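**Student:** This is what each chain is made of:
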Amino acid sequence: MIDILEGRKNQVIEKGSCEEGVIECGKASLAGSVSQRACVFCGSRVVLYPIADALHLIHGPIGCAAYTWDIRGSLSSGPELHRMSFSTDLRENDVIFGGAKKLYNALTELIEEYNPKAAFVYSTCIVGLIGDDVDAVCRKVGAEAGIPVIPVQSEGFRGTKKDGYKAACDALSVLVGTDNETPVSCESINILGDFNIAGETWIIKNYYERMGVEVVSCITGDGRVDEIRKAHRAALNVVQCSGSMTALAKSMEIEYGIPFIRVSYFGLEDMASALYDVAGHFKNPDITKRTEELVSLEAGKIIPEIERYRKALAGKRAAIYVGGSFKAFSLVKALRHLGMVTAIVGSQTGNPEDYKFLKEICDDGTLIVDDTNPLELSAFMAEKNVDLLIGGVKERPIAYKMGVAFCDHNHERKEPLAGFSGMLNFCREVYASVMSPVWKFTPGRKRL
Amino acid sequence: MEIHSGKEKVMNKNFTAARNACKLCSPLGASIVFRGIKGCVPLVHGSQGCSTYIRRYVISHFREPIDIASSNFSETSAIFGGAQNLKTAIQNVSRQYSPEVIGVASTCLSETIGDDVTRIVREISADSSGNGGPAIIPVSTPSYKGTHMDGFHAAVKAAVETLVIKGRCAPGPGKSKGGKKRVNILPGFVSPADLRTLREITGDFGLDCTILPDYSETLDGESWATYQKIPSGGTSLDEIRAMGKSDLTIEFGESLKGKDTAAGYLLNHCGVEFRNIPLPIGIEGTDVFFNILSELSGMSVPGKYTAQRGRLVDSYADGHKTVFEKRVILCGDEDLTLGIEGFVKEIGLLPLISATGALSEEMTGDMDYVSILDYVKDGPADLVIGPSKAYFISRKLGIPLVRTGFPVHDRIGGQRIRHLGYGGTQELFDRIVNALLEAKQENSPVGYSYL
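Taken in order, these protein sequences are the chains called A and B.
Each residue of the first sequence is one higher than the one before, starting from 1 at the first, in the numbering used here.
Each residue of the second sequence is one higher than the one before, starting from 1 at the first, in the numbering used here.
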């Protein structure tokens, strides 16, 4: 019997079991549980991180900046200011006497030195408590420097990572709509929620351009301030990683009347659907034709090699634990394409609709978990006898200690997994880890 | 450029902001210490992000599961105080992990709202006394004060203060069982491989040894047959309780001299004498350590180590020309960097700068990686020695980086890098010489295969 903390029992369900109920989610993590979640600041920081020509200044003691230095594998085709870690490095005296002056000096010096197109100022936990008027400092420096200086209200304790996504979207809204000059095509989109991990945005952008659709802004992936300014004039918002960017898409729908669709770029099926959905929106036969050609060409390139992996991997069992549940949907389907069974699937931040959909696409016997922790996850993995775990850095050692293969699907990875070529990388990585001969030495696997 | 001994102060940090910090926050250091106590689960009293970020950062170095619980502050706890959250957290950790010890580290958040973790923990301990609940070690680690190393040393001291049985014991032999002498070693933040080296050395001198913390197994463990809630290994509660009965405490780290440390506590409350020495790196640095062990045990240095020392001297002769007057940038944690500085001077390397993020009396303190780079950019520099975050400098200057200390996020085996003793120095020396040879070879138009 797996020991689940009392307050968490309804956050785990098994599809098709007689006790199967409705999963609880969206709750704060229990005090004392080792949640894999992070905080509000983390949510804001990861979303805005890839905007490469902006200054990102973290207002607080050193930890929050130090732990997020170079944390994402988000690439830039030009400036790399986003890869620098700037902190006001608040000390005891600043906490006692206030950090506003230090923030002002830090911002002014950094803007002078690095000449950014905009600056984001992230508030960490103690900033709200010590009463710094961050908005006022940002307004003042913005006026003096002549660039947007945007406060991000990301105090860690004010909710969950999702609230951090919201704060990031609010900050982006300040920039969106400030360029009404640059011409934009009527068959145009914004890519929302792709972070150009290992160059993924470039892969996706290339597909859209080949279809004949103009990409006005990628907002975050290889992001540029000037692109975000004109994003409100695109015809359609295409939202991936819906947890993080739906708030921005919704606000742009209300404010500028831009409709949005949710897509995923992971796996053959979802990648193809994303392109067809966008083509479908424009109802232009030329675009549709080019899309069909593109899908057939790109899928054709990778299917033969995937077949080879499928033969080796068919029947193997997988666990998925990722941040957002939309990615989990794609992974369940991608694994099915490889003939693999998803035995456990969960996310840090899924909502009731997400879990309902997840239940629909999973087989009977699949465990669905919300906001799990290492002890539970390892016990579920042993119970379900999985061959593979898909997760992030924090989950990796859990898998390896148990002699289980692992695929990194988090934002630190350096391999593109999106798009058709990304699907091939994904299959190669799963194959390389599951089929490695090293597991025969691990006591965890020998036991099974 | 002028060559600095490292002790001269070079204040080159003209920016108010930290740019690519050369330090981490104090709860991280405390969490490492708690992971080195047997049966202990660290609990960070703050936002969920504090523990998650620390876990992620530490996992990327040690490549081990690192469970650190969080009291998971909410807006309400920030307003009304986090005591209730902390109590619930301790209950839930106790239920899920059945730990022998819970180490509670505070954060900037809990300290700023005025939560006193020591007082809260005392109340909880009073409630649960007699229930066989875990021992709880509270430590104050506000991230706006000091660095991860301050958190590390504060947690060592808190463990000793909380657990050690006070009272003076007559000094001299016979206090340890079997008449063996016992030594406490407070090594600071060294690698699991270093901790294993220290245990081997003291064992070879016939000494019993309490190392606090000892994460040699917990942060560099074997592959598991079944998932372990708390990895085996660590300094046991009984060992910590008995530290007041040891014959001597050896505390590594010049930065701790004159500070209120665990070693001082053991002297003042239990009468255990202590010696503060630099980290035993290099021949001279290691000699100091071996002489103390020799004196304490009454044994001359075992042949195994005189041979190690001899081979090290022999290799110094083999490699001396490659390193002589090469200009090196040293950076990282204060005490490790100071230890390495002593060693590199011993072999004829010239430190261009010896820098750390901490405020320091001994070296260029309060630095970050961009300031270090600004300082050395006119070089010429030949080599960087420091943690993998110093790759930022190495890449910009196009010179090799010899990875030491923590974190090593861009290579496997950071937990197995040895720095200490003649053996650890040998490994460092070989890596330094080879890094310089490799750079020479790579940059050579000829590409000789003999060097």
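Because the hints were derived from the structure by calculation, they are not lab data.
Since the structure is predicted, the reported quantities are computational estimates derived from the model, not experimental observations.
Quick reminder that beta carbons are idealized off the backbone N, C-alpha and C, glycines included.
Hints are not guaranteed to be accurate.
No farther apart than 30 Å at their CA atoms in a straight line, the calculated lysine-lysine pairs in the DSBU-like style are these [to be verified]: (1) B/K396 x A/K414; (2) B/K229 x A/K117; (3) A/K9 x B/K377; (4) A/K27 x B/K229; (5) A/K101 x B/K440; (6) A/K316 x B/K229; (7) A/K117 x B/K377; (8) B/K87 x A/K162; (9) B/K396 x B/K440; (10) B/K396 x A/K9; (11) A/K440 x B/K145; (12) B/K229 x A/K162; (13) A/K15 x B/K377; (14) B/K145 x A/K140; (15) A/K384 x B/K229; (16) A/K27 x B/K396.
Chain B side only, calculated, beta carbon under 8 Å to chain A, not exhaustive [claimed, not checked]: (17) L109; (18) K257; (19) F290; (20) N291; (21) S294; (22) P445; (23) V446.
**Student:** Hints first: check each against the structure and report whether it holds.
**Tutor:** Verification of the hints:
Pair hint B/K396 plus A/K414 holds up; C-alpha atoms about 21 Å apart against a cutoff of 30 Å. Between B/K229 and A/K117 the alpha-carbon distance is near 48 Å, which puts this suggested pair outside the 30 Å criterion. For the given pair, A/K9 sits about 57 Å from B/K377 by alpha-carbon distance, which is inconsistent with the 30 Å threshold. For the proposed pair A/K27 and B/K229, the alpha carbon gap of about 24 Å is at most 30 Å, so the pair holds.
Under the criterion of a C-alpha separation no larger than 30 Å, the hint pairing A/K101 with B/K440 is inconsistent with the structure, at around 48 Å. Pair hint A/K316 plus B/K229 holds up; C-alpha atoms about 26 Å apart against a cutoff of 30 Å. Proximity of A/K117 to B/K377 is assessed by CA-CA distance (about 27 Å); at most 30 Å being required, the pair is judged to hold. Among the hinted pairs, B/K87 with A/K162 is consistent with the structure: their alpha-carbon atoms are about 26 Å apart, no more than 30 Å.
The hinted pair formed by B/K396 and B/K440 meets the criterion: a straight-line CA distance of about 18 Å does not exceed 30 Å. With a C-alpha separation of about 52 Å, the suggested pair B/K396 and A/K9 falls outside the 30 Å cut-off, and the hint is violated. As the CA atoms of A/K440 and B/K145 are separated by approximately 48 Å, the hinted pair breaks the 30 Å bound. Restraint check: the Cα-Cα separation between B/K229 and A/K162 comes to about 29 Å, which is no more than 30 Å; the hinted pair holds.
This hinted pair does not check out: A/K15 and B/K377 have alpha carbons roughly 60 Å apart, beyond 30 Å. For the suggested pair B/K145 and A/K140, the alpha carbons sit about 29 Å apart, so the restraint of at most 30 Å is met. Restraint check for A/K384 and B/K229: satisfied, since their Cα atoms lie roughly 18 Å apart, inside the 30 Å limit. For the given pair, A/K27 sits about 45 Å from B/K396 by alpha-carbon distance, which is inconsistent with the 30 Å threshold.
Satisfaction of the interface hint for B/L109 is found here, the shortest Cβ-Cβ separation to chain A being roughly 4 Å, below the 8 Å cut-off. Taken as an interface hint, B/K257 does not check out: its beta carbon lies about 22 Å from the nearest beta carbon of chain A, beyond 8 Å. Residue-level restraint check for B/F290 is violated (minimum Cβ-Cβ distance to chain A is 36 Å; threshold 8 Å). The beta carbon of B/N291 comes no nearer than 38 Å to any beta carbon in chain A, farther than 8 Å, and the hint placing it at the interface is violated.
The beta carbon of B/S294 comes no nearer than 40 Å to any beta carbon in chain A, farther than 8 Å, and the hint placing it at the interface is violated. With 8 Å as the threshold, the beta carbon of B/P445 stays out of range of chain A, its nearest partner Cβ sitting at about 31 Å, so the hint is violated. Given the 8 Å rule on beta carbons, the hint for B/V446 is violated: about 34 Å separates it from the nearest Cβ of chain A.
Hint violations for this structure: numbers 2, 3, 5, 10, 11, 13, 16, 18, 19, 20, 21, 22 and 23, all remaining hints satisfied.
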